[in-house]
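Given chain A, work out where chain B should sit, using these hints.
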Amino acid sequence: MNLPLNLAKSSLLALVIFWTIICAKEGLDHDLFLVMLLSFIPIFLVVTIVIIGTICPIYWIAKKEHINNTQLFKTYFPYYAILAFLICAFGIIVSDFDIYLTAFFVSAFITSSQSWVWFANEKSDHETA
Amino acid sequence: MKHILIIIASVLFSILFYEKSIGLNLLLFSMMTIILLAFNNSEQFKSKRIILYCITYLTTAVFVFIQDSSLSIIANVVAFFTLVGAISSDKTSIYINWINGLFSSIAGFFFRKIEGNKNKKEQLLNKDTDFLHLVKLIGIPLVFITVFVLLYKNGNPMFNDLVNKINFNFINFQWLLFTVLGYYLFSNLSQPVRIEPATSKDRSIKNDLYKTESFSEEKLKKEKQLGTTLLGLLNLLIILFIVTDIISLTTIDNSAAPAMSAQVHNGINTLIASIIIAIVIILYFFKGNLNFYAENKALKNLTYLWILLNMVLITLIVIKNQNYITSFGLTYKRIGVHVYIFLTLIGLVTTFLKVMKIKNMVFLFRINTSIAFVTLIAFSTINWDYYITTYNLNNANSYDLNYLIGLSESNAIQLKRHSLNTTLDSKSYSRIDNKYANYIKHIEHKTWQEKSFRDFNITEEEKSL
Numbered sequence: 149m150n151l152p153l154n155l156a157k158s159s160l161l162a163l164v165i166f167w168t169i170i171c172a173k174e175g176l177d178h179d180l181f182l183v184m185l186l187s188f189i190p191i192f193l194v195v196t197i198v199i200i201g202t203i204c205p206i207y208w209i210a211k212k213e214h215i216n217n218t219q220l221f222k223t224y225f226p227y228y229a230i231l232a233f234l235i236c237a238f239g240i241i242v243s244d245f246d247i248y249l250t251a252f253f254v255s256a257f258i259t260s261s262q263s264w265v266w267f268a269n270e271k272s273d274h275e276t277a
Numbered sequence: 005m006k007h008i009l010i011i012i013a014s015v016l017f018s019i020l021f022y023e024k025s026i027g028l029n030l031l032l033f034s035m036m037t038i039i040l041l042a043f044n045n046s047e048q049f050k051s052k053r054i055i056l057y058c059i060t061y062l063t064t065a066v067f068v069f070i071q072d073s074s075l076s077i078i079a080n081v082v083a084f085f086t087l088v089g090a091i092s093s094d095k096t097s098i099y100i101n102w103i104n105g106l107f108s109s110i111a112g113f114f115f116r117k118i119e120g121n122k123n124k125k126e127q128l129l130n131k132d133t134d135f136l137h138l139v140k141l142i143g144i145p146l147v148f149i150t151v152f153v154l155l156y157k158n159g160n161p162m163f164n165d166l167v168n169k170i171n172f173n174f175i176n177f178q179w180l181l182f183t184v185l186g187y188y189l190f191s192n193l194s195q196p197v198r199i200e201p202a203t204s205k206d207r208s209i210k211n212d213l214y215k216t217e218s219f220s221e222e223k224l225k226k227e228k229q230l231g232t233t234l235l236g237l238l239n240l241l242i243i244l245f246i247v248t249d250i251i252s253l254t255t256i257d258n259s260a261a262p263a264m265s266a267q268v269h270n271g272i273n274t275l276i277a278s279i280i281i282a283i284v285i286i287l288y289f290f291k292g293n294l295n296f297y298a299e300n301k302a303l304k305n306l307t308y309l310w311i312l313l314n315m316v317l318i319t320l321i322v323i324k325n326q327n328y329i330t331s332f333g334l335t336y337k338r339i340g341v342h343v344y345i346f347l348t349l350i351g352l353v354t355t356f357l358k359v360m361k362i363k364n365m366v367f368l369f370r371i372n373t374s375i376a377f378v379t380l381i382a383f384s385t386i387n388w389d390y391y392i393t394t395y396n397l398n399n400a401n402s403y404d405l406n407y408l409i410g411l412s413e414s415n416a417i418q419l420k421r422h423s424l425n426t427t428l429d430s431k432s433y434s435r436i437d438n439k440y441a442n443y444i445k446h447i448e449h450k451t452w453q454e455k456s457f458r459d460f461n462i463t464e465e466e467k468s469l
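These protein sequence lines are chains A and B, in that order. In terms of the working numbering, the first sequence opens at residue 149 and continues consecutively. In terms of the working numbering, the second sequence opens at residue 5 and continues consecutively.
Here chain A stands alone, though its shape is the one from the complex (with noise of 0.2 Å):
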């Protein structure tokens, strides 16, 4: 598993959804410059905390059991990605489609799916041997 190559696609891969879904509705003023800049330090923290809380568990778990990663993918990523959208739905319902949180749960929903392929089209261990 390549975590710190995946954490930084990952991440930039949020920092973008997330400020293009502002930005298309807020409008782009180059005062946000700086802003974008430096939010990437929490959304970094952010996609960290998802990726190492909910992803690699399930990877980590599986490698004992000498499943591929393609098959991991196929057999766990669907309800992954059902919980984790029903989620994010309720967050943005909840927050009255506030634009900042809806961009914070798109971006998440989005970046954690695209991880997930990302591990997928790894070669596992045992793929390589």
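No lab work stands behind these hints: they were computed from the structure. Take the hints with a grain of salt, since some may be wrong.
As the list claims (entries may be wrong) - Here are some chain B residues pointing at chain A (derived, C-beta under 7 Å):
(1) 106
(2) 111
(3) 117
(4) 152
(5) 154
(6) 177
Said to hold, decoys possible - No more than 20 Å apart at the CA atoms, straight line, and that leaves these computed lysine to aspartate or glutamate pairs for EDC-like:
(7) 445(B) with 465(B)
(8) 6(B) with 23(B)
(9) 450(B) with 413(B)
(10) 157(B) with 246(A)
(11) 24(B) with 246(A)
(12) 169(B) with 246(A)
(13) 157(B) with 244(A)
(14) 173(A) with 413(B)
(15) 467(B) with 448(B)
(16) 24(B) with 244(A)
(17) 222(A) with 119(B)
(18) 445(B) with 23(B)
Said to hold, decoys possible - Computed Cβ-Cβ distance ranges for the label pairs, DEER-style:
(19) 248(A) with 451(B): 22 to 32 Å
(20) 178(A) with 23(B): 25 to 35 Å
(21) 277(B) with 193(A): 26 to 36 Å
(22) 366(B) with 243(A): 34 to 44 Å
(23) 270(A) with 461(B): 33 to 43 Å
Glycine included, every Cβ here is placed at the ideal spot set by N, Cα and C.
For chain B alone, coordinates are given in the frame of chain A:
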């Protein structure tokens, strides 16, 4: 062709839903979805089951347009997932269709990225349409160009003036993002995916129970004895409860709302506990080989009797709830009690069938979820706010006018007419007047996408009450 169709659909999606409430747009979206699904999955559309789900989905969409109620929207969404799930894998249980349908709609795009890698041919196709690469190709240079333009703006006044002259206000970025959302949704729908191994396992499980190798007469005899004693005593207890309940039903004063309310709610709580325990006990005893034990007749008869007595209990609750409704009018909670009672009755009938025809638990789960789905569709065809208002104003002995005012806009004209023909207190009159004024104003501000059948057909006389 497939991508062109999806792009057209996503633009239409934005035209229909961007900053709009639900109305005619959901009916048109349902039609679009069926066309897209049929175009991409023509083989599956030869199945009668799929055609039936299509008709159901379309019917719910028509009722969203006619009724414009939350329940009809929920029914439409559930029918949508059922149809998409059924296309991903036919001949599966309805709950598997829901899971497959939901998953296909929300994350089919990501799943196909890995599915697509299975064979090289698909991989090549994926390379042809590598959207992630396309996003990178456009997104990354765009981000960097924006950054550098913002930097250079401060370094050169002439460049600053030039940049300031560029105006992108004519582009609505939010609309574009919404179209991307539409593209994502339709791309997911174009090729529904299935969750494995849940789907194949469900297809392989039959509804019947079979005798297992651990069949032991001695063990089953003890189990039968325990079951007969337990169900015999429970039958005696429920008979006693029913007799006392009938006596209390004949003595209760129908004019006291709190007493009736307490009685109905206590009855419902008893019913919930009783039915759940009844079904769990029956399922425990008839989970395996006891179904094939030759001397299980007494236990079976006691089970049937207990199911019957629970049905009597249900009837008593129906009578109590109906008395409550006749005296104090209809509300959503009281209708909900009737719905719950109906579903409980269905649960008991299917448990009876399970025992009689020696079926397994999956049978119960399959048939009960299917009936719940049909019930949802059937109930979504009724405009409950209108029906509750009509019933309470014309039939109930007394009713809560504030409750009726608090319902959706669909009873605004009814209430306005009622206020013109009846003497009301000034506060109620003013609230009804406000509701009616807001309703008329709301209709006038609705775009064609948001209008319902009622909005299209409102008369001038109704507008100027």
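Right, here's what the structure says about each hint:
A cut of 7 Å between beta carbons decides the hint on residue 106(B): the least distance to chain A is about 6 Å, and the hint holds. For residue 111(B), the suggested interface contact is upheld, since its CB lies about 4 Å from the closest CB of chain A, less than 7 Å. With a cut of 7 Å, the hint placing residue 117(B) at the interface with chain A holds, because the nearest CB-to-CB distance is about 5 Å. Interface hint status for residue 152(B): violated, as the beta-carbon distance to the closest one in chain A is roughly 11 Å, over 7 Å.
Given the 7 Å rule on beta carbons, the hint for residue 154(B) holds: about 5 Å separates it from the nearest Cβ of chain A. Interface hint at residue 177(B): satisfied, since its Cβ lies 4 Å from the closest Cβ of chain A, which is below the 7 Å cut-off. Using a Cα cut-off of 20 Å, the hinted pair residue 445(B) and residue 465(B) holds, with the two alpha carbons roughly 15 Å apart. Annotation: proposed proximity of residue 6(B) to residue 23(B) is violated, straight-line Cα distance about 27 Å (limit 20 Å).
Simply put, residue 450(B) and residue 413(B) have alpha-carbon atoms about 14 Å apart, close enough for the 20 Å limit, and the pair holds. This hinted pair does not check out: residue 157(B) and residue 246(A) have alpha carbons roughly 32 Å apart, beyond 20 Å. The suggested pairing of residue 24(B) with residue 246(A) holds, with an alpha-carbon distance near 17 Å, which does not exceed 20 Å. The suggested pairing of residue 169(B) with residue 246(A) is violated, with an alpha-carbon distance near 32 Å, which exceeds 20 Å.
Annotation: proposed proximity of residue 157(B) to residue 244(A) is violated, straight-line Cα distance about 37 Å (limit 20 Å). About 31 Å separates the Cα atoms of residue 173(A) and residue 413(B), which puts this hinted pair outside 20 Å; it is violated. Distance hint between residue 467(B) and residue 448(B) is fulfilled; the C-alpha atoms sit about 10 Å from each other, no more than 20 Å. In summary, the hint linking residue 24(B) to residue 244(A) is supported, as the alpha carbons are separated by about 15 Å, within the 20 Å threshold.
For the suggested pair residue 222(A) and residue 119(B), the alpha carbons sit about 8 Å apart, so the restraint of at most 20 Å is met. About 18 Å separates the Cα atoms of residue 445(B) and residue 23(B), which keeps this hinted pair within 20 Å; it holds. At roughly 28 Å, the beta carbons of residue 248(A) and residue 451(B) sit within the given window of 22 to 32 Å. For the pair residue 178(A) and residue 23(B), the supplied restraint of 25 to 35 Å holds, since their beta-carbon distance comes to about 27 Å.
Distance hint check for residue 277(B) and residue 193(A): the Cβ-Cβ separation is about 47 Å, which falls outside the suggested range of 26 to 36 Å. Under the hint 34 to 44 Å, the C-beta atoms of residue 366(B) and residue 243(A), about 39 Å apart, fit the expected range. Our hint of 33 to 43 Å for residue 270(A) and residue 461(B) is violated, since their Cβ atoms are close to 59 Å apart.
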